[in-house]
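Please take these sequences and the hints and turn them into a complete structure.
Sequential numbering from 306 applies to the sequence shown in our numbering.
For the record, the hints were derived by calculation from the structure and aren't laboratory data.
Computed from a prediction, not measured in an experiment: that's the story for all the values here.
Please note that the accuracy of each hint is not assured.
[What the hints assert, rightly or not] Here are the simulated distance ranges between beta carbons: (1) V405 x A344: 24 to 34 angstroms; (2) R404 x R350: 34 to 44 angstroms; (3) E406 x Q343: 51 to 61 angstroms; (4) E358 x N381: 23 to 33 angstroms.
All residues carry an ideal CB built from backbone N, CA and C; glycine is no exception.
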Amino acid sequence: RRHRHLQQRLASQSPRRALASGRDTLSRAQQRLGQAMQAQLRSHRERLQHRAEALQLVSPLATLGRGYAIVRDDQNRIIRDAAQLTVGQSISARVGKGRVEAAVTRITSDNE
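Written out as structure tokens, the structure is:
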């Protein structure tokens, strides 16, 4: 009887059982880690996508795509006021898809 009891105690403390239990614990931890990593990756992807969309909304190229232009004089200075130009002066306009070279033929102000 005592011998059987000692055998059972010895079997319950077997390194094989401890190893099997450790493997199971490790396997579950690896699975949880993989799931957590996937969730983090999804979260970061979504955040990156939202930030990229927000940047696109304020992008100068998006503004040009809506029909606006960046006009520069022959010294490559950005023109913000028609009074900066003179008749006959060369200008270039950056539009959504390309660049236009032109010459000023007439200047009017918003007051006219």
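Hint check results:
As the Cβ distance of V405 to A344 is approximately 50 angstroms, the hint placing it in 24 to 34 angstroms is violated. Taking the beta carbon of each, R404 and R350 are about 36 angstroms apart, inside 34 to 44 angstroms as hinted. Taking the beta carbon of each, E406 and Q343 are about 53 angstroms apart, inside 51 to 61 angstroms as hinted. In this structure, E358 and N381 meet the distance hint of 23 to 33 angstroms, their C-beta atoms being roughly 32 angstroms apart.
Of the hints listed earlier, the one the structure fails to meet is number 1.
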